[in-house]
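Each chain, written out:
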Amino acid sequence: MNLIRVVFLFTNYRDIKCDLPAGASFAVVDESITAAVNECVSLWKALRQKSNCHIIQSNVALPYHRVFGNYETAAVWGATHVLRQFNLNLAKALAPGVSLLDMDFLASVYGRRRWHDSRFWYHSKHAFALDATGLVAHQLAKTMGAIKGTAKKCLVLDLDNTLWGGVIADDGLEGIALGHGATGEAFVDFQRYLLKLKERGIILAVCSKNEEDIAKEAFLKHPDMVLKLEDIVVFKANWKDKASNIREIAESLNIGLDSMVFVDDNPAERELVTFSLPMVSVVPMPEDPSDYIDALCSGSYFETVLFSDEDTVRSTYYRSNIERAGFQSQFSDLSDYLRSLNMDMIVGQFDEFHLPRIAQLINKSNQFHLTTTRYTESEIGAIAHDKGRTGLYFKLKDRFGDNGLIAAVILCKQPDASMVIDTWVMSCRVLSRTVEEFICSEIISVARQRKCRKVIGKYIPTAKNKLVADLYGRLHFHRTNETQGTALWELSLKEDSPRYSSFIKKIKFETKTTGGLK
Amino acid sequence: MGTRLEIKTRLNRVFREVFEDDSIEIFDAMTAKDIPEWDSLMHIILVVAVEKEFIVRLNAAEVGHLKNVSEMLDLLAERSCRGKQ
Numbered sequence: 001m002n003l004i005r006v007v008f009l010f011t012n013y014r015d016i017k018c019d020l021p022a023g024a025s026f027a028v029v030d031e032s033i034t035a036a037v038n039e040c041v042s043l044w045k046a047l048r049q050k051s052n053c054h055i056i057q058s059n060v061a062l063p064y065h066r067v068f069g070n071y072e073t074a075a076v077w078g079a080t081h082v083l084r085q086f087n088l089n090l091a092k093a094l095a096p097g098v099s100l101l102d103m104d105f106l107a108s109v110y111g112r113r114r115w116h117d118s119r120f121w122y123h124s125k126h127a128f129a130l131d132a133t134g135l136v137a138h139q140l141a142k143t144m145g146a147i148k149g150t151a152k153k154c155l156v157l158d159l160d161n162t163l164w165g166g167v168i169a170d171d172g173l174e175g176i177a178l179g180h181g182a183t184g185e186a187f188v189d190f191q192r193y194l195l196k197l198k199e200r201g202i203i204l205a206v207c208s209k210n211e212e213d214i215a216k217e218a219f220l221k222h223p224d225m226v227l228k229l230e231d232i233v234v235f236k237a238n239w240k241d242k243a244s245n246i247r248e249i250a251e252s253l254n255i256g257l258d259s260m261v262f263v264d265d266n267p268a269e270r271e272l273v274t275f276s277l278p279m280v281s282v283v284p285m286p287e288d289p290s291d292y293i294d295a296l297c298s299g300s301y302f303e304t305v306l307f308s309d310e311d312t313v314r315s316t317y318y319r320s321n322i323e324r325a326g327f328q329s330q331f332s333d334l335s336d337y338l339r340s341l342n343m344d345m346i347v348g349q350f351d352e353f354h355l356p357r358i359a360q361l362i363n364k365s366n367q368f369h370l371t372t373t374r375y376t377e378s379e380i381g382a383i384a385h386d387k388g389r390t391g392l393y394f395k396l397k398d399r400f401g402d403n404g405l406i407a408a409v410i411l412c413k414q415p416d417a418s419m420v421i422d423t424w425v426m427s428c429r430v431l432s433r434t435v436e437e438f439i440c441s442e443i444i445s446v447a448r449q450r451k452c453r454k455v456i457g458k459y460i461p462t463a464k465n466k467l468v469a470d471l472y473g474r475l476h477f478h479r480t481n482e483t484q485g486t487a488l489w490e491l492s493l494k495e496d497s498p499r500y501s502s503f504i505k506k507i508k509f510e511t512k513t514t515g516g517l518k
Numbered sequence: 519m520g521t522r523l524e525i526k527t528r529l530n531r532v533f534r535e536v537f538e539d540d541s542i543e544i545f546d547a548m549t550a551k552d553i554p555e556w557d558s559l560m561h562i563i564l565v566v567a568v569e570k571e572f573i574v575r576l577n578a579a580e581v582g583h584l585k586n587v588s589e590m591l592d593l594l595a596e597r598s599c600r601g602k603q
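Chains as they are written, first to last, in the working numbering: chain A, 1 to 518; chain B, 519 to 603.
For the record, the hints were derived by calculation from the structure and aren't laboratory data. If you're wondering where the values come from, they're calculated on a predicted model, not measured in any experiment.
With a straight-line cut-off of 30 Å between C-alpha atoms, the simulated DSS-like cross-links for lysine-lysine are:
#, chain 1, residue 1, chain 2, residue 2
1, A, K125, B, K585
2, A, K142, B, K570
3, A, K125, B, K570
4, B, K551, A, K125
Please work from the sequences and hints to get the whole structure.
Below you can see the structure in the form of structure tokens.
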């Protein structure tokens with residue numbers, strides 16, 4: 001298992017020295033808050049100088065006690081106003097490698113009055129009620145999971161009584177509850193929430209026991225449907241069991257079953273999926289559709305510590321992939337198909353601009369990940385500045401559109417003039433398109449430029465990365481030995497390198513933006 | 519809330535649950551020294567569990583001063599009287 005080192009900085013309102021006189025001017029208030037935030041920032045810096053740990057910084061849970069009562073929020077110098085502003089400025093000051101834990105949100109969820117139990121503060125400096133520990137621990141665990149890349153990627157949705165009330169095949173297009181009435185409004189709101197998830201990069205799929213035409217009719221014709229067919233990447237409406245359907249959805253998207261979340265109002269279906277696919281997260285759906293969003297939220301399935309532009313268009317990538325599959329079926333010869341895709345690759349060295357996406361790719365990839373390494377954003381930033389190491393990212397375009405940043409490689413030159421491939425991750429949505437061959441040529445060319453005599457590839461087997469067990473073999477590396485479960489592969493650069501057949505054209509080599517990284 | 523013996527029986531159950539040890543038999547002179555796991559954090563967990571079992575709220579001083587089982591029993595017996603008024 002890969003360990004991530006995390007330092008948790010738990011701050012409570014008593015730590016924030018912003019006690020301002022009533023009537024203080026905005027300038028004075030602002031200066032005081034800035035000083036308090038800077039204190040946190042310098043603590044992060046000091047920590048980061050000593051170690052490469054990831055920092056989770058809590059904001060402050062606002063107190064229950066107010067000297068000015070309700071007015072305390074309205075006045076810029078009021079303690080409530082000042083602490084709120086501190087929380088906002090703290091969020092703005094976050095640096096790579098520092099994530100925020102929204103303690104104030106947790107306090108409000110738990111109930112602010114119950115959250116503050118002064119007895120335990122006076123007795124032993126416990127800053128919040130003991131019974132809130134579970135809530136804090138849950139959020140902290142989910143946040144650490146997000147740092148480590150265990151968040152879910154795909155939401156599989158049932159239709160009848162999940163996206164609308166009633167059964168479309170029985171009740172008809174006009175008969176389902178959607179849009180009007182309390183229940184109808186609840187379903188519309190649930191769909192709006194799902195659409196927001198889709199827009200932030202969660203893949204939506206449908207899995208319903210229905211006739212496909214009838215099921216799709218609602219999407220095409222019902223005026224109050226918020227979700228449209230193009231929001232759904234994979235649509236399964238048939239009479240097969242749901243476990244098989246979910247398995248097929250995972251396969252067609254090339255993602256692991258453990259990154260899927262299943263939503264169904266029917267307890268029997270949930271039971272079946274829980275039993276046959278224990279790695280799929282099954283949401284315990286409440287009976288009332290008014291509570292559907294709550295159920296999704298309280299599971300914290302989709303926690304994240306970063307967001308990249310890739311996320312907003314992820315659904316498009318997966319949809320284009322399915323179009324590509326359709327296009328491929330027109331070709332009898334694979335190389336004809338690959339040639340006709342007109343693939344162009346941009347290769348670049350790690351920079352500030354691509355940092356979030358690179359971190360996301362390295363930390364979320366499980367299947368195409370040779371060495372199981374995980375790096376925080378700050379560690380990746382450090383690689384960009386390290387002369388001994390080279391970080392490369394790869395962005396692929398083709399006739400169906402932009403695939404985005406789909407691979408990253410970290411190379412470490414050793415004193416014995418060998419180039420070790422420390423990390424090689426690739427998005428599985430570009431498998432079987434000669435991307436591996438292309439990347440390997442790039443690795444070899446970097447190794448030659450850096451005057452290396454050989455390239456060394458490592459493979460550390462896990463439960464999930466069997467896909468790449470023979471990657472280096474396929475790329476004509478020679479297996480040298482195996483130490484502690486790590487298979488080592490070597491490619492000598494003394495003679496001519498193998499000629500890989502790749503159908504990808506390199507269009508440019510993006511150079512590091514100068515001064516971008518701090 | 520009942521007699522001192524009834525309170526002791528219930529308190530014993532709380533101790534067993536909190537320290538996850540069914541062999542615990544509390545006695546009047548028992549203190550934190552008699553249970554190795556009874557540290558400052560467990561003390562708070564114990565206090566919260568006692569509060570829940572007996573539906574009482576202890577004040578800050580009481581939280582800190584429950585030195586031994588006998589004092590706890592006295593306090594709970596006293597609260598139980600107050601509660602009946």
